[in-house]
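Asks: The lines below spell out each chain.
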Amino acid sequence: MKVLTNGNEAIAEAAVQAGCRFYAGYPITPQNEIPGYFARRMPEVKGTFIQSESEIAAINMVFGAAVAGARCMTSSSGPGISLKQEGISYIAACQLPVVIVNMMRGGPGLGDVSPAQSDYFQATKGGGHGDYHMIVFAPEDVQEAYTLTFNAFNYADYYRNPVMILGDGILGQMMEPIEQVNPSFELPLPEKDYILDGCRGREARSMMSLFLREGELERHNAILQEKYKRIQEELCLVEMVDVDQSDVVIVAYGTVARICNTVMREASNEGIKVGLIRPITLWPFPAKQIYDKVKNNAKVLVVEMSAGQMLEDVKLALNGKANIDFLGRMGGGIPLVVDILKKVVSMKGDS
Amino acid sequence: MKDMISPKRSAKAKSLKKVQFHYCSGCGHGIIHRIVAEIIDEMGLRENTIAIAPVGCSVIAYEYFNFDVTEAAHGRPPAVATGIKRIHPDKLVFTYQGDGDLAAIGTSEIIHAANRGERITTVFVNNAVYGMTNGQMAPTTLLGQRTETTPLGRDALREGYPLKIMEMLAVLPGVQFLARSTVHTPQEILKTKKLIKRAFDVQLHGHGFSMVEVLSMCPTCWGMTPLEALDFVRNRMIPFYPLGIIKEPDKNENGQYGKEQPKK
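From first to last, the protein sequence lines stand for chains A and B. Heads up: the first sequence begins at 1 in this note's numbering, then just goes up one per residue. Heads up: the second sequence begins at 1001 in this note's numbering, then just goes up one per residue.
The hints are simulated quantities; they were obtained by calculation from the structure and are not laboratory data. Glycine included, C-beta positions come from ideal geometry on N, C-alpha and C. Be aware that a few hints might be false.
Across the chosen pairs, the derived CB separations fall in these ranges [claimed, not checked]:
| # | chain 1 | residue 1 | chain 2 | residue 2 | range |
| --- | --- | --- | --- | --- | --- |
| 1 | B | 1227 | A | 211 | 28 to 38 Å |
| 2 | B | 1041 | A | 316 | 55 to 65 Å |
| 3 | B | 1148 | A | 211 | 18 to 28 Å |
Derived list of chain A stretches under chain B, where covered just means 3 residues or more per stretch with a C-beta under 8 Å from a C-beta of chain B [as the list claims (entries may be wrong)]:
| # | stretch |
| --- | --- |
| 4 | 57-68 |
| 5 | 80-92 |
| 6 | 188-198 |
| 7 | 248-261 |
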């Protein structure tokens, strides 16, 4: 049975279905439906909802809940996610399974409340202090927001790593009919042998990210990097459509990729073959898949709601193999089909 | 006094690991660690306790406490404690925080955790200075007190007044037990122990938020000998930060304190 719901509420329900029983967050547009939904839903499943006094408190509350062994989540948008960076760095350092949602809005600063993708660097390159990575999922529609969020909790536990769901204001607010079917997860989840629940029948445990003795912190970092390498080898998700025979290949993620689906159809009507590469994990970035798929000297167009952030990863992935062009809108502007099409036509004409 | 804080004696509490404290001579942390550990032993709660360590000199409290301890970012222990207590409502959950952690960078977290009436306890160690970073001014630094960042002494016109956190928290209904004590004499150490035990009791009976502020010595950053530091607590700190119970749960008709509140 299909349910009509928006991206924010789909994410919140997927979290509940995945066993999330602790949510803390602070209101910010365009993600307010997430705390609103949890406030109603958590009491029904004997979970905890807390409207925190700040984003900083919220991320530290989920730090505590994760240390205590619960599946937990917080959510926000750009300005609030910036405040959470301190906590995210600690969570990554302590290897805690926490799910964080960022429904991106225009920035920098207070910006606006319109959709944007300008937090890509912050999400994929660390954001807080120190060498660390979050796993970053970028759903393109409400259905995928549901399934990716559900499995975000599994991946967080499987890798003992924070996972971010990176959407935007369109995804959060848009209503679509979805199937609330929980996806399968085949990987065995490790026992939570790190949680603090009172040291009954075992040695006392501690959870910390402070390593003062010589060499200790470097060894800890090496463990983290080894895990990140493993995630890069195992978890790159990407959707590729009609890339092989295309005149122009578009690379786009999230809701922009959906706009580009329309561009593909319209271009086909004009006799231009457009392929689409849609990274679903932004970190780990599917660099190898993209490199293997894109032909030498292909024409590649990166489309983003930013000044060109994923663009850098596409350039690194293709390493000079293809000719890369960029089309971006900033500050809450949405790329229009007509503009992307114009760009595609001009790129094809260049040959 | 010396004997009471020696590692040999401290190791007798099961809730302390058998290691030597790294704290400076005359510092109060070792005494307060030991008091807390003894209380938890006496209450039989070692296996049912989760503590949150701060950032500051006592950041590695987990190296000394022999029960579950997590670190938290600077000022955030009350938020971390909130997450832990809501998941484990039956455990004893307490934060151990210094004046910089609690009264400067963490004022928001402590006020709101207290105001929500979280069933947690805070042991607040006030030595009126930032010890770990070389002795800068704390929010609780006294007027006229010299620190690295108030070389001429704290001046209210420049640096504002010392912050009385307990008196601020006392007006919040979610706060059920507040007391201030000191560890500069053996008698006061015993009183402090009673008060912290009381605060844990208030938590375990579900009354609400409880906190004990312990005035403590930092001879290193005060530029004093350990004995001079005891005099500083006696002559300068206590007159400004009066000792005693500031707030406690109301007595019910049976003469017992408060009514158990439903669990969060």
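Asks: Under a C-beta cut-off of less than 8 Å, do 3 or more residues of the stretch 188-198 of chain A approach chain B closely enough to confirm the stated coverage?
Replies: Coverage by chain B holds for the stretch 188-198 of chain A (3 residues, Cβ < 8 Å).
Asks: So the hint says 55 to 65 Å: do the beta-carbon atoms of residue 1041 of chain B and residue 316 of chain A match that?
Replies: The hint (55 to 65 Å, Cβ to Cβ) holds, given that residue 1041 of chain B and residue 316 of chain A are roughly 57 Å apart.
Asks: Using the C-beta atoms of residue 1227 of chain B and residue 211 of chain A, is the stated range 28 to 38 Å upheld?
Replies: Since residue 1227 of chain B and residue 211 of chain A have Cβ atoms about 36 Å apart, the given range 28 to 38 Å holds.
Asks: Tell me if chain B covers the stretch 80-92 of chain A under the three-residue, 8 Å CB rule, please?
Replies: With 3 residues close enough to chain B, the hint holds.
Asks: Mind taking a look at whether chain B covers the stretch 248-261 of chain A? Criterion is 3 or more residues with CB to CB distance under 8 Å.
Replies: This one is violated; 0 residues, fewer than the three required, reach chain B with a Cβ under 8 Å.
Asks: Looking only at beta-carbon atoms, does the pair residue 1148 of chain B, residue 211 of chain A fall within the given range of 18 to 28 Å?
Replies: Roughly 27 Å apart at Cβ, these two residues keep to the hinted range, so it holds.
Asks: For the stretch 57-68 of chain A, do three or more residues have a beta carbon lying closer than 8 Å to a beta carbon of chain B?
Replies: n = 11 at 8 Å, threshold three: holds.
The structure fails hint 7 only (numbered hints given earlier).
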